[in-house]
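With chain A fixed as given, assemble chains B and C onto it according to the hints.
Protein chains in written order, with the working numbering: chain A, 1 to 269; chain B, 1 to 296; chain C, 1 to 284.
By construction, these hints were calculated from the structure, which means they are not laboratory data. Keep in mind that a hint or two might mislead.
[As the list claims (entries may be wrong)] Now the in silico label distances, taken between C-beta atoms and shown as ranges:
no.	chain 1	residue 1	chain 2	residue 2	range
1	B	Met35	C	Pro246	35 to 45 Å
2	A	Gly77	B	Ile6	22 to 32 Å
3	B	Ala43	A	Gly34	51 to 61 Å
4	B	Ser45	C	Pro167	49 to 59 Å
5	B	Gln177	A	His100	44 to 54 Å
6	B	Glu99	C	Pro246	49 to 59 Å
7	C	Pro246	B	Leu41	38 to 48 Å
8	C	Glu249	B	Gln173	49 to 59 Å
9	C	Arg106	A	Ser83	27 to 37 Å
10	C	Lys10	B	Leu106	22 to 32 Å
11	A	His100	B	Leu184	53 to 63 Å
12	A	Gly77	C	Gly34	52 to 62 Å
13	B	Leu184	A	Arg147	54 to 64 Å
[Stated by the list, open to error] Straight line, CA to CA, 16 Å or less: simulated EDC-like cross-link-like pairs of lysine to aspartate or glutamate:
no.	chain 1	residue 1	chain 2	residue 2
14	C	Lys99	A	Glu33
15	C	Lys99	A	Asp73
16	B	Lys7	A	Glu97
17	C	Lys164	B	Glu292
18	C	Lys61	C	Asp222
19	C	Lys186	A	Glu121
20	C	Lys99	B	Glu12
21	A	Lys139	A	Glu157
22	C	Lys12	B	Glu192
23	A	Lys76	C	Glu105
24	A	Lys76	B	Glu293
25	B	Lys9	A	Glu97
26	C	Lys186	B	Asp8
27	C	Lys12	B	Glu95
28	B	Lys59	B	Glu255
29	C	Lys109	B	Glu293
30	C	Lys15	B	Glu95
31	C	Lys186	C	Asp160
32	C	Lys5	B	Glu192
33	A	Lys213	A	Glu185
34	C	Lys186	B	Glu12
35	C	Lys164	A	Asp74
36	B	Lys103	B	Glu170
37	C	Lys99	A	Glu79
38	A	Lys111	C	Asp169
39	B	Lys9	A	Asp95
40	A	Lys26	A	Glu89
The model shown is predicted, which means the values in this text are computed figures rather than measured ones. From the three backbone atoms N, C-alpha and C, an ideal C-beta is built for every residue, glycine too.
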Amino acid sequence: MHASTSIQTAETQDLVALATPHIQIKDLNVTIEGKRILKNINLSIPNNSVTSIIGPSGCGKTTLLKTLNRLVDDTKGVEISGSVLVNGEDIYAKDAEVTHIRKKMGLLSQKPFPLPMSIFENVAYGPRIHGERNKKLLKQIVETQLRNVGLWEEVKERLDASATRLSIGQQQRLCLARGLAVQPEIILGDESTSALDPISTQTIENLLIELKKDYTIVLVTHILRQARRVSDYILFVYNGEVVEFGKTEDVLLNPQNEITQQYVKGFIS
Amino acid sequence: MNWRLIKDKLAERSFALLLLSSVVVIFLILIGLTMKSVPLLRAESLLTVLTDSVWSPLKGNFGFLPFIMGTIWVTMISLIIAVPLCVLASVYLVEYASEALRKMVLPLMNVLAAIPPVLYGVWGVLFVVPILSDYIAPLLGVNTTGYTVFAGGIVLAVMIFPIMISIMVEVLQTIPQELKAASLSLGATKWETITKVILVKAKPGILAAIVLGVSRAFGETVAVLMVCGNIPQLPSSLFDAGYPLPALIANNFGEMMSIPLYDSALMFAALLLFVLIFGFNLLSRIILNRLEEKAQ
Amino acid sequence: MSNVKSRLRKEKIAKIAMQLSGMAITGSLFFIVGTILYKGLPYLSWEMVSQSPQGGFYIGKEGGIFNAILGSLYLATVSTALATLIGIPISIYLNMYVKSGSFLERACKLLFDVLFGIPSIVYGAIAFSIMVWIGIRASLLGGIITITLLTIPIVVRTIDELLKTIPIDLQHVTFSLGSTRWETAKMFLRYIRPGIFTAILLAFGRAIGDVAGVLLTTGFSDNLPKYIDEPSATLPLAIFFQLSSPIPEVQGRAYASALVLTFIILIIVICTHLLASKQQKHKI
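The shape of chain A in the complex, shown without the other chains (with noise of 0.2 Å):
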């Protein structure tokens, strides 16, 4: 939990991000029913910190999220080709384990889906089916990871209620709690505060930049404000192909790209 890194100074951690990158897309080219959604993808995400991937509509920001933890492998008609490594393996490779993989991310979608089962089940699910049975062990994880997203204070007293019952805000923490329980070493992001209230919307963006010292973490969004605010690197996606990926600062204020010049400055959404 409390990595090392923390301590570093920006300029280091960069240079350690870039050195052991995560996540790497080689080559990746992804087709669904004939339609090229992603074309010759090449780039290394930098650790330990917040990249937002942002784009117009149906530019297949969402589906390169999805290609990360395959989950687009659910996809009607998909064919990937190309190959995405975490940690330098490929995770499209044929003899890998696709539940192991998908571990290791942790998933924060639109909407908050909590599973059918009480607050502190929904917490205690991942690490319940790795094979954790140590009630202790459990109790204790839940309540780090709830203290981790700021829920435990309003929810330690009903622990045991259906997690339904709970405001739209915090369902989201505790799906994000959820996902931290097992001990990922990624967070994806997908739209992750677009159900949200202003206010819930800031304390999951606060908490995103809170975990950048420990996790990778990906957006997507299509908010540019948002991406301002919290991440440290862009990447523009558009039509499939990426077409500028940089410091925060750099792609917002000063794209090179004429395309991402006109999507910053709001013509084309």
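Chains B and C only, in chain A's frame:
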């Protein structure tokens, strides 16, 4: 590989096995029925069997025409009654009725669907048959016991209400609001919109619902058997008795072993039903699946 | 603009026609139940439902249809249980393990849709000829096999419909926690639990009411069902046989038996409805 993955694989394999075996059973049924029918078809050609109208197993005559006609009569009568009623009622439910009314009526259709055939039969015997013989037939100057294809058709019509209503309502609900709005804004009345736009658009779905109704009517056994007289003849009017195919099987299985070729003939009847109903169902399901895909 | 009036009149007539059709269809239900209630109630007695047929039952003397009620309950319970055990894994397999949109998935789902429409008389006929062929006589076992085959498609279809309503994100979320497909499937079963009961009740209702299938395979007996390889009475058949009797007393019992079956079906329907409308505890 850890235990969890093994469990997952195990589940996958055993589920696949279950699926495979149930599919195999269906093919076995088809093959079994065909093999059993072969002796009959060796003795007489398929054409003769289907078009001959003499049924006397003791003399070795196995003409299926009376039964085919019996089935067609009751099915047609039930469609003539049920289709207009169901189309009108489902249009009403979708286009006019309030949400509350719809929520009340549709579950009642489920109740109607849940009533077992034998109870429809009892109702037919207690109500439809006497009404026909005591009131309607005398009105038309006909003398009958009431056990007629007409009675069979009425009972069947009520039995196919639920399946037709539920599918028609579903189909009508998929018609986009914009389409209706376009027609209404051109100054068409609601009824004109319904006949000229909605029903035209919903035609394939309604057709599929009717085909499902037909296949249901084709296979219904006991309810019809109880009210339609069961005389192997070619019906020539509403008030003639008829003898549908399923009733033939149900009534005669007991003695089929003692007369040569009889069992083969009854299995041929089952095969005929199976193939026809399989075909009808396949047709309507394909139409409905297409519609559903389009709607998405 | 004279035709506006006639157009509006047409609209009015059409609306009335539609209302009448709706009433006729809905009314038919109350009519059927009402007829059976009216005819059956006078003959219903405690003796009817608590005793087996005694000597002279079929000429209108004492006895009841307890054997048939029990037989039907046995038959329907066992076949529904079997159909559930076979049907749920099949729909899980088709929804979770087979690639969505693949030929296998579409073909199998279509097949079960089609099988749903195959009448019980066909299942009964083939089961009967197989039983003759391998030399089993009409028995509870034969009925159970036939009715199980009949109800599997019901379970598969209903569960399939339920699984389709689960948001894809729930699947993604569970997968993201590192669940295997089987673990995710268990989660889904939990999610659709009230619906599963509905499916089971639906299958049970169909099983307990079927005549054509049991007519050929289960036979009939005046004794209480004791062994699975012996013929057994079933409620729908008891109604069917008694109704064809010329003796008014016996016919009356048929009405009363029909009433009993109606009650059972109504109870099932009401339970189904309550389950369906009951708020799921963890509904998303």
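A quick look at each hint next to the structure:
1. B:Met35 with C:Pro246: 35 to 45 Å: For Met35 (chain B) and Pro246 (chain C) the Cβ distance comes to about 41 Å; the hint holds.
2. A:Gly77 with B:Ile6: 22 to 32 Å: The hinted range 22 to 32 Å holds for Gly77 (chain A) and Ile6 (chain B), with Cβ atoms some 30 Å apart.
3. B:Ala43 with A:Gly34: 51 to 61 Å: holds (55 Å)
4. B:Ser45 with C:Pro167: 49 to 59 Å: holds (57 Å)
5. B:Gln177 with A:His100: 44 to 54 Å: This hint holds: roughly 47 Å between Cβ atoms.
6. B:Glu99 with C:Pro246: 49 to 59 Å: Check passed, 51 Å falls within 49 to 59 Å.
7. C:Pro246 with B:Leu41: 38 to 48 Å: holds (40 Å)
8. C:Glu249 with B:Gln173: 49 to 59 Å: Since the Cβ atoms of Glu249 (chain C) and Gln173 (chain B) sit about 50 Å apart, the hinted range of 49 to 59 Å holds.
9. C:Arg106 with A:Ser83: 27 to 37 Å: holds (31 Å)
10. C:Lys10 with B:Leu106: 22 to 32 Å: For Leu106 (chain B) against Lys10 (chain C), whose Cβ atoms are near 28 Å apart, the range 22 to 32 Å holds.
11. A:His100 with B:Leu184: 53 to 63 Å: Hint holds: Cβ distance 57 Å, inside 53 to 63 Å.
12. A:Gly77 with C:Gly34: 52 to 62 Å: Cβ of Gly77 (chain A) to Cβ of Gly34 (chain C): about 53 Å, so the range 52 to 62 Å holds.
13. B:Leu184 with A:Arg147: 54 to 64 Å: At roughly 58 Å between Cβ atoms, Arg147 (chain A) and Leu184 (chain B) fall inside 54 to 64 Å, so the hint holds.
14. C:Lys99 with A:Glu33: The hint holds at about 14 Å.
15. C:Lys99 with A:Asp73: With Cα atoms ~9 Å apart, Lys99 (chain C) and Asp73 (chain A) stay inside 16 Å; holds.
16. B:Lys7 with A:Glu97: Holds, because 14 Å separates the two Cα atoms, which is no more than 16 Å.
17. C:Lys164 with B:Glu292: holds (13 Å)
18. C:Lys61 with C:Asp222: holds (14 Å)
19. C:Lys186 with A:Glu121: holds (14 Å)
20. C:Lys99 with B:Glu12: holds (13 Å)
21. A:Lys139 with A:Glu157: holds (14 Å)
22. C:Lys12 with B:Glu192: holds (12 Å)
23. A:Lys76 with C:Glu105: holds (12 Å)
24. A:Lys76 with B:Glu293: Roughly 13 Å between the alpha carbons, so the hint for Lys76 (chain A) and Glu293 (chain B) holds.
25. B:Lys9 with A:Glu97: Distance ~13 Å between Lys9 (chain B) and Glu97 (chain A) Cα, so the pair holds.
26. C:Lys186 with B:Asp8: Holds. Lys186 (chain C) to Asp8 (chain B) sits at ~11 Å (cutoff 16 Å).
27. C:Lys12 with B:Glu95: holds (14 Å)
28. B:Lys59 with B:Glu255: OK: Lys59 (chain B) and Glu255 (chain B) at ~15 Å, within 16 Å.
29. C:Lys109 with B:Glu293: holds (14 Å)
30. C:Lys15 with B:Glu95: Holds, because 10 Å separates the two Cα atoms, which is no more than 16 Å.
31. C:Lys186 with C:Asp160: holds (15 Å)
32. C:Lys5 with B:Glu192: holds (14 Å)
33. A:Lys213 with A:Glu185: Holds, at roughly 11 Å.
34. C:Lys186 with B:Glu12: Holds, at about 13 Å.
35. C:Lys164 with A:Asp74: Holds. Lys164 (chain C) to Asp74 (chain A) sits at ~14 Å (cutoff 16 Å).
36. B:Lys103 with B:Glu170: Since the Cα atoms of Lys103 (chain B) and Glu170 (chain B) sit roughly 13 Å apart, the hinted pair holds (cutoff 16 Å).
37. C:Lys99 with A:Glu79: holds (13 Å)
38. A:Lys111 with C:Asp169: holds (8 Å)
39. B:Lys9 with A:Asp95: holds (15 Å)
40. A:Lys26 with A:Glu89: holds (12 Å)
When held up to the earlier numbered hints, the structure conflicts with none and fits them all.
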